[in-house]
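*Asks:* From first to last, the protein sequence lines stand for chains S and F. Just so it is clear: in the first sequence, position 45 is 45 by the UniProt record's numbering, and no numbers are missing. Just so it is clear: in the second sequence, position 232 is 232 by the UniProt record's numbering, and no numbers are missing.
There may be inaccurate statements among the hints.
BS3-like, lysine-lysine: derived pairs with alpha carbons at most 30 Å apart [stated by the list, open to error]:
#1 S:LYS252 x S:LYS284
#2 F:LYS216 x S:LYS26
#3 S:LYS216 x F:LYS216
Covered stretches of chain S, going by a simulated chain F footprint (3 or more residues, C-beta under 8 Å) [stated by the list, open to error]:
#4 70–80
#5 129–143
#6 175–182
#7 198–206
#8 379–391
For each label pair, taking beta carbons as the anchor points, the in silico distance ranges come out as [what the hints assert, rightly or not]:
#9 S:ASP9 x F:ASP336: 30 to 40 Å
#10 F:ALA426 x S:ALA59: 49 to 59 Å
#11 F:ALA108 x S:ALA116: 25 to 35 Å
#12 S:GLY197 x F:THR23: 15 to 25 Å
No wet-lab data here; the hints were simulated from the structure. Predicted model only: the values in this text are computed from it and were never measured. Yeah, the Cβ is synthetic: ideal placement off N, Cα and C, and Gly gets one too.
2 protein chains.
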Amino acid sequence: MTAVAARSDLDGLMLDIGARARTAAKTLALAPAAQKDAALGAMAQAIRTATPDILAANAEDMAQARANGTAGSFLDRLELTPARIEAMAAGLDVVAGLPDPVGSVIAAWTRPNGLAFERVRVPIGVVGVIYESRPNVTADAGALCLKAGNAAILRGGSESFRSAAAIHRALAQGLKAAGLPADAIQIVPTRDRAAVGAMLAGLGGAIDVIVPRGGKGLVARVQAEARVPVFAHLEGICHVYVHAAADLELAKNVVLNAKMRRTGICGAAETLLIDRAVVATHLKPLVAMLLEAGCAVRGDETVQAADPRVTPATEADWSTEYLDAIISAKVVDGIDAAIAHIERYGSHHTDAILTEDAAAAERFLAEVDSAIVLVNASTQFADGGEFGFGAEIGIATGKLHARGPVGVEQLTSFKYKVRGHGQTRA
Amino acid sequence: MTAVAARSDLDGLMLDIGARARTAAKTLALAPAAQKDAALGAMAQAIRTATPDILAANAEDMAQARANGTAGSFLDRLELTPARIEAMAAGLDVVAGLPDPVGSVIAAWTRPNGLAFERVRVPIGVVGVIYESRPNVTADAGALCLKAGNAAILRGGSESFRSAAAIHRALAQGLKAAGLPADAIQIVPTRDRAAVGAMLAGLGGAIDVIVPRGGKGLVARVQAEARVPVFAHLEGICHVYVHAAADLELAKNVVLNAKMRRTGICGAAETLLIDRAVVATHLKPLVAMLLEAGCAVRGDETVQAADPRVTPATEADWSTEYLDAIISAKVVDGIDAAIAHIERYGSHHTDAILTEDAAAAERFLAEVDSAIVLVNASTQFADGGEFGFGAEIGIATGKLHARGPVGVEQLTSFKYKVRGHGQTRA
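Chain S extracted, bound-state conformation:
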């Protein structure tokens, strides 16, 4: 077979996947909540039952990844254990228990002519999910799309191909058990990387939105190349600003949590801004606390002067997402300087002010142009579960449609239902 023929085969395969997703989406859009929830429950059970198969598939993926000399952090994300598989199944049960967003009335009003308007949630249609090594995204993303009435086209990393396929077989069993179309959740059945390009082009109009799940390289490629909308964040350069009126004990607790609870998540703080007004009282204790917790501190001259263990921050540090036990720290001249720094170097993801001054807090909330702005709380709350959304497919920093944690509601669109009794327009 020539390369041209192979490419044409792939295009045909991908367009067929898109067309089948579009057809399945029509059924899903009208599926009752109970049927979707039954499918989710059956999927959870099928995953539990299939644990040995999933582990066997994952062992093959792991063996190949090791043979390829893959890095340890990658292997950790790829590896499945009985506990991780149970967590995946439990996640499906959680999604099953969420309220169905489809059909809920967002707004209702009646016009003077008697026309009754309703703005009602409906599914978006078809969601493409492109991910990397973590096989659990197969279940997590598939479940959230299904709950919101969307068909999903999943494309996992080639390294987790067998694991994702094994999980997908369990999802398919759950769909079948509930009488939902098998094409409601499809997985791209080839490792050919050109499949990603086809999805980014939209599969001939079949894909409504793409959600990338993975590292910065993947997200950057998706954002640059996608011809369809994308729900994503490229990075989370999250700031904690210790204001002039910050309580020191509160600041120590929140800064430690924001940076060190988990350093590898997008809501982890990467830069500490300290108001010059509290340098004398707050700087040394905060820096010492971070250093003693095992966090490297890269600071400006004032921060360096506070502790000999602080290393100099370079200009690049202010726009670096470490995702590690490292923090950049800078003294700023008041709230305006703090907001200006965040605007210049931040990623519009999540930023926090620590202060007992309500007016300063409200200014920060209003003026910092980020998806999530917090007062006196850890940036690590940037998470759909912590928002009460039950689950999330990711966090978006774009401003259209979805912003912040993307839960089932953000995976819906809406329509207007208008009920009259013969009204005509004048």
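Based on these hints, arrange chain F on the given structure of chain S.
*Replies:* Just chain F now, kept in the frame of chain S:
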């Protein structure tokens, strides 16, 4: 100057416009409602005062368009009269009177850990508006963007260049009078068509969303080439389905209005679907009524048999947006066939069912995948004003962010404000 230098000059000009819009957007995002409304009022007054200048500029545009042999319908859209200028000014006053969407709390909840969440409307940022011959879009679109706290970059048709510039001068006076940045509403100061391409590419990330206002050719180009989100509808192939349980008198009134009130708007009905169950009673009167109102009817065989004046519909008629006193008409075998026809040939814009059967009405509302679905009312209600939005920048058939009439609320995004008292994540 070489062509390359000219292109580079244009690129520089457009990037500068984008950068200035982005800066103005930061001021606008925080501008109080009263200041924006004062600007809108001053803009309305400035337009009234500038009526002679606007008419003079328009006369020049009209003379050149006539010299170029431009069609009459185009000249009608281009022409300004004192009444049309007053309508523009009055439209600005209407927008000034609308509630300010910015800062309104869409949702608020508190989590068990005491964190208080608010989802609050904020502006999107920078809106690019690309339009054709109608100079009034300059004022209408500029005002709606301003009200929602967005900076606007307006690019009018080259034929209306002088008229749009004269209107824009009045808008600039209003902004200045209220102390808002002049860059809040910019107009592209060149007829060079490459400026449109630069806007569609997003001006280096400065444009958040593009709204095309004009004919199908413009919208199709924008949808195909834009690298930023677009709020638009390509066409409105709107259906009225006369169900088996439709009241004949109601149907006559609504069908007449849906088709003939104004034939050139996107919400005008283009196809009449008649249930086979009421062919004997409803078909002839409806067809005769349309013909007598001056509407050409293109029908399938059954419709042709109902009246000798009906001409045969071809396959192409079912997907044609006439925007004229022409309707295609077809007999369908029940509600499933009606919904299937709309799914196959429609444009997901606006569709109506006429019926006294509540269950049928609810099925149609649920299953027709259009931005607006109506029961027993004219499709010509597809309009932001009729929805109670006060004004609209257009109608969108996409499913993300904005769908249906795009009013000031749809020109906003949101952020999450989270207020705590030291919460850390477990």
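*Asks:* Are the hints correct? Go through all of them and say.
*Replies:* Hints, verified against the model:
| no. | hint | result |
| --- | --- | --- |
| 1 | S:LYS252 x S:LYS284 | holds, 11 Å |
| 2 | F:LYS216 x S:LYS26 | holds, 27 Å |
| 3 | S:LYS216 x F:LYS216 | violated, 38 Å |
| 4 | 70–80 | violated (count 0) |
| 5 | 129–143 | violated (count 0) |
| 6 | 175–182 | violated (count 0) |
| 7 | 198–206 | violated (count 0) |
| 8 | 379–391 | holds (count 6) |
| 9 | S:ASP9 x F:ASP336: 30 to 40 Å | holds, 36 Å |
| 10 | F:ALA426 x S:ALA59: 49 to 59 Å | violated, 33 Å |
| 11 | F:ALA108 x S:ALA116: 25 to 35 Å | holds, 27 Å |
| 12 | S:GLY197 x F:THR23: 15 to 25 Å | violated, 36 Å |
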